[in-house]
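Student: Take a look at the letters that make up each chain.
Protein chains: 2
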Amino acid sequence: MQNCFKAPTDLEYDVYVLRIGHRPQRDKRITTHVGLVAWSFGAKGIFIDSKDENLKKKFDDLKNRWGGGYFTVVTGVDAIKFTKEWKMSGGCVIHLTMYGLPVDDVINDIKAKCRKLLVIVGAEKVPRIFYELADYNVAIGNLPHSEVSALALFLDVLWNGRERRLCFEDAKIYIVPTARGKRVAEVRSDD
Amino acid sequence: MQNCFKAPTDLEYDVYVLRIGHRPQRDKRITTHVGLVAWSFGAKGIFIDSKDENLKKKFDDLKNRWGGGYFTVVTGVDAIKFTKEWKMSGGCVIHLTMYGLPVDDVINDIKAKCRKLLVIVGAEKVPRIFYELADYNVAIGNLPHSEVSALALFLDVLWNGRERRLCFEDAKIYIVPTARGKRVAEVRSDD
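Protein chains in written order, with the working numbering: chain A, 1 to 191; chain B, 1 to 191.
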C-alpha cells in the first residue's frame, strides 16, 4: 500500500456529495454507484435526500472491510435547507449538470476559491432552485451521460488523477494489483 | 459547436465496449448509463451479451436528436466468441477490473500497441476466462466503485480529456453551456 494517496491525510479539499431525487426502489443501484464513487474518489461523505437505511448499512459493511471509516452517509436530508446552510457556513456549491459550464473552464477558479465543496448530483429532473443556489453549474461534457461518471470525472479533475492511487489506512483488506487474476491481501493487526 | 473534438473525425482509436453479465430487468439502468458513457466519451459502439430491444430503441432515439449516428448498439452477443474473434482480427482487449494493473501504469503501452480497442465491463461476477482473454486487465483505482465510472475514467485517460469537448456533426440539438439555467439550441438544416 506504499506510494498511495492517503485518505483523509492527503485530501486538501473537503468534498461532500449531495444526491437529490433519490427514489429508494428505482434508484437503489445508481445511488449506490454514486456513493461508491464518492467514497473511492476521495469525498468525505454523501448526503441523500430520501431516507434509506439499507444504503447506510451497505456502506457500513463496505467501510468495515475496505476502510475509509471517516466517510459519512446521511439519508433523509432536506436538500434545499441543507444546501442553503452549507453556503451560509462558507462552503462552495457545485452542481453537476450537462447544461453547465465545461469543467475545464471553471476548475481553476473552483480550486482557488473553495476549500469545502458540496457536489450536487441529481436524478432525472433537478428543480430550478439548485441551478440558482449553485456557485458553479459544471458540465462534464455537454452531452447526456450519467451522474456516476459525472461525479467521477469531476473528482478526477479536482485531484488531478491522484485519487486513482487512493488508499485507506484503516483498511482490513486491500487489492494487490495483478496483470491477470484477483489478489486480495489482509492487513494484519500487528502490521 | 466550434472548438470541439469532432466525432468520429478526431477519434484516433477505434473503441468499442463489451458489456457482459447484463440482466435486462435488474441492470437496465446501469447498462443504459454504461452505454451513454460509451457514446458520449467517444466509443464507436457497444455490444451487450443479453438480447435487449428496448435498449437499442432508446439509443436510436438518443442518436436521432443528439447525433453520433455512427455509434452502434448490438445486443444478444456471445461474449466469449466475440472476444476471441476480436483478438484474432488484431484488436486489443482491455478488461476493466479493480483487481487489474493501475491505468496510469499501462496506458502508454496500450496507446502504443493498440488501434482497435474492445473495452470489457462486467456486472458483479466476471467469469475467469475474461481475465485470461484480456491483453490488459486495467484498474481505475484498486477499490470497488462502478463500471460506469471505470469506463468514463478509462476513456478520459485514453483521450487525455479531449472527449470532454466531444461534439457530433450530425446532431439536431446541442447544449449551449451556461453558468445558470438550461440552453438547448437546434441545428437548422440550412446551417
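Quick caveat, the hints were computed from the structure, so don't treat them as lab data. Check the hints yourself; a few may be wrong.
In this list, chains with the same sequence are indistinguishable; a pair is considered to hold if it fits within one copy or across any two.
Claimed, not checked - Here are the simulated DSS-like pairs of lysine-lysine, each with C-alpha atoms no more than 30 Å apart in a straight line:
# : residue 1 : residue 2
1 : K116      : K182
2 : K63       : K116
3 : K28       : K113
4 : K113      : K58
5 : K113      : K172
6 : K28       : K182
Student: Next, verify each hint and record whether it holds.
Tutor: Quick rundown of the hints versus the structure:
Taking CA atoms no more than 30 Å apart as the test, K116 paired with K182 passes between copies only; the shortest distance there is 26 Å, against 37 Å inside one copy. For a Cα distance limit of 30 Å, the shortest separation of K63 from K116 inside one copy, 23 Å, qualifies, whereas the shortest one across copies, 38 Å, does not. Taking the shortest Cα distances, K28 and K113 never come within 30 Å of each other, neither inside one copy (34 Å) nor across copies (39 Å). For a Cα distance limit of 30 Å, the shortest separation of K113 from K58 qualifies neither inside one copy, at 34 Å, nor across copies, at 40 Å.
Neither within a single protomer nor between protomers do K113 and K172 lie at most 30 Å apart by alpha-carbon distance, with minima of 36 Å and 37 Å respectively. In the homo-oligomer, the alpha carbons of K28 and K182 lie at most 30 Å apart both inside one protomer (27 Å) and across protomers (27 Å), since each shortest distance falls under that limit.
When the structure is compared with the earlier hints, violations turn up for hints 3, 4, 5 and for no others.
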